[in-house]
Amino acid sequence: MNSELVLEAKGLAKRYGAVVALAHGDFGLRAAEVHAMVGDNGAGKSTLLKLMAGAVRPTSGELLVGGVPVSFSSPRDAQRQGIATVFQNLGMIDHLDATANLFLGREEYLPVPLKWLGILDKRKMRAQAVEAVGRLKINVRSVDALLGGMSGGQRQAVAVARAAAFGSRAVIMDEPTAALGVRETAAVLDMIRHVKAQGIAVVLVSHRLDEVFAVTDRITVLRRGRTVATNNTADVSREDVVGMMTGAFVPSI
Amino acid sequence: MMSARVAQGSQDQRKLQALNIDGTSSGLPLSGARLRWTLWIHNRAVVRPAINLAAAVLAGILVQIATERFFLPRNLLGLFVQMAVVAIIACPMALVMITACIDVSVGGVVVLSGVVGGLISQAGAPLWLAFSLATLTGLAVGYINSLLVIRLEITSMIATIGTMYVCQGMANILTNGLPVAGVAKGYSSLGTGRFWGVPYQVPITLAAVVVFVLIQRYTVLGRHAVATGSNLEGAFLNGVNVNKTLTLCFLLSGLMAGFGGVLYSSRIGNPTPVMDQDLLFQVIVSCVVGGIALTGGEGTVFGAFTGAVLIVVLNNSLNLLGVSTFWQYVSLGLLLVVAVGLDKLRLGDRFKLRSSALRLRPDGQSGNGTSETVIESEK
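Residue numbers (this note's numbering), protein chains in the order written: chain A, 1 to 253; chain B, 1 to 379.
In case anyone wonders, no lab produced these hints; they're calculated from the structure. You may find that some hints are simply not true.
[What the hints assert, rightly or not] Derived Cβ-Cβ restraints for the label pairs, each shown as a range:
1. A234(A) - L294(B): 36 to 44 Å
2. L110(A) - L53(B): 24 to 32 Å
3. E62(A) - L174(B): 41 to 49 Å
4. V340(B) - F213(A): 49 to 57 Å
5. D77(A) - Y143(B): 22 to 30 Å
6. D278(B) - W116(A): 33 to 41 Å
Glycine included, each C-beta is placed from N, C-alpha and C at the ideal position.
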C-alpha cells in the first residue's frame, strides 16, 4: 500500500526543436513521502517538474496519476487530479490578499443561481483559509493582507499552503527555499513535514543538499536530461549524490 | 547584531505568532483601529476615490459661492447627461485596464454603433431593434479585440488602435461621411428623455456603476482580472483561465461602448460618423485619475467613476464661471498630471510602504519578523 505510486513519469521527454531539454525522465512518487529531485544546472529538473505540473506538454513518454495515464494540457488539469505545484518566484499575485491567492483558480462560489454569475463565496473561502493556515502552522499575519506587503518567507508560506490545501495527492515544490533566509528556510522545511503528515506526497526540487538530506525519504538524481538513479535517502551519502550529479559516480542498480 | 534579546524571543513567542493568523491583535506593532487606519490611508483604492469626490464637492461649493448656480437640480442632473457616456464606458475600461490591457477602440465603436443604429432605424426598423443591434455591434468589436489580443498576441494598445480606425472608417463608408438623416422620430428619446424630470442618463449611469462595482468586487471575473493584470504567468500557472478573463473584459468593454454609441447619438439626435477624440481620452483619464495603474492589477471600478465625476464637475465649474472651453483642456491635462504626480510623491512604492507601516513599532524599533532571521544566523 505504501509503495503505491501516486505520480509516475515513465520515459518522459521534451524537445524544443533540436534542443533536448529532457531526454528520458523516470520518476516515481509514493504516497506520503518527501521525494527530492536533484541535479546540476541543465540536468532537466525544471523540465521534468513542468511536465509533471502540467505547465508543459511532453514530446514523448507517459505520465500516470494513481496508475492511470493522464495528459495535462494546463496546470488546471494537474490541479484537478490533485497535483499542485509551487513554482519558483512565480505564481503569487501581489495585488490580491492571502485568501484570494490561496483559492486562485479554485474559487468557491455561492449556490447555483448565483454561481452561474460567477459570484464568489468570500466568507467560506476566508474561513477555509484561516483553517488551512492554522492546520499547516503557517506564520502569516493575516489572511486578509495583500501578498505584495509580505516578506519572502510569508509569501512562500502562502504558496506552500495553497499547494498543500489543493494538492490532495501531491505537492511539487520548485526550489521553495532559494530566496529565503535561514529562519524562513527552516519554516518552509517544517511546513514540508506538516504536508507529509497530512498524507500528501511532496516532490522537492532543490540545490541545497543540506535540506534534501534533512527532510526527504528518497532522492532521485538527474544528469544531462536523464534520470540516473533513485535511492532511499538513508542509503546514500552526500558524496554519492554529488558524484551522481556530476557523473563521477555511476551507480550499479 | 542589534539586540540578542530579541533573538531569545523564545520558541513560545514564535508559536504564539504562528497562531496569530487573523492579524488583529498580538505580534503586530500597530493594532486595532490604528492598524486599520494605517492600511486604509495607504490604500490607493480608498484614497483616490475619496480625494476625487472631495475635490468635486469642493469645486462645487466654490462655484456655488461664486455663481449660485452649481447646486441647482437642473445643473446637477445635467452633470449626469454630460458624463453618462464617459462613465458607462469607464466602468468596463477599468476592468480592462486592471488586466493590464487597454481598449482604445471604444472611441471608434461609439461612432460605428451610433451610425449602425441610425441606419437600421432609417430603414424603418423599430427603435428597440436598432438600439439592440447597435449595441451588439460594439460587442462584436469587443470580441474581435479579444481575438487579436489573445490569439494573435498583439499588444492591446496596438490591436485596439487598429480596430478603432477600422470602426471609424466603416462608419464613414456606411454613411458616405454624412450624418444619418431620417431616423425614426423617437430616436432621440433615450438621450433627451426624462422620467419625472430626471434624465434617463441618471438611472443608466448609476445602474452601470453598480453592476460593474458588483462584478469587480463579488465575481470571479473581478478577482481573475486583478490576477491577470498583476502577474499574467503566475495567474496562468495557478489555474486562472487568463484567456477567458481577457475575453470577458473586452466583451464588456465593447458592449458598453456600443451602448454608449447609442446613448451618444440619441442625445445628439442624428448619428454622425465623426469621432469625438475627447470621449476616448476622458474615459482613460477617468480611470487613471480614479487610481487605476496602466501596469495592471490596481484600482477599482468605483475609483474610475469618481474620476469621471471629477472631470465633469471641473468642466461644468469652468463653464459656469464663464471660462473658455480651451481652458477645460488645460484643466483636464493638469488634473491628470497632478493626480498621478501627487500619488507618486505621497505613496511611492505602495507595497513597501504598507509593509513598513506594519513593521514600524510605536517605540521606533523595527518589527519582529526580519530581525530574528539575522540574529539566528549569527548564532
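Okay, the hints, checked on the actual structure:
| no. | hint | in the structure |
| --- | --- | --- |
| 1 | A234(A) - L294(B): 36 to 44 Å | violated, 55 Å |
| 2 | L110(A) - L53(B): 24 to 32 Å | holds, 31 Å |
| 3 | E62(A) - L174(B): 41 to 49 Å | violated, 57 Å |
| 4 | V340(B) - F213(A): 49 to 57 Å | holds, 52 Å |
| 5 | D77(A) - Y143(B): 22 to 30 Å | holds, 26 Å |
| 6 | D278(B) - W116(A): 33 to 41 Å | holds, 38 Å |
Of the numbered hints given earlier, the model fails hints 1, 3; all others are met.
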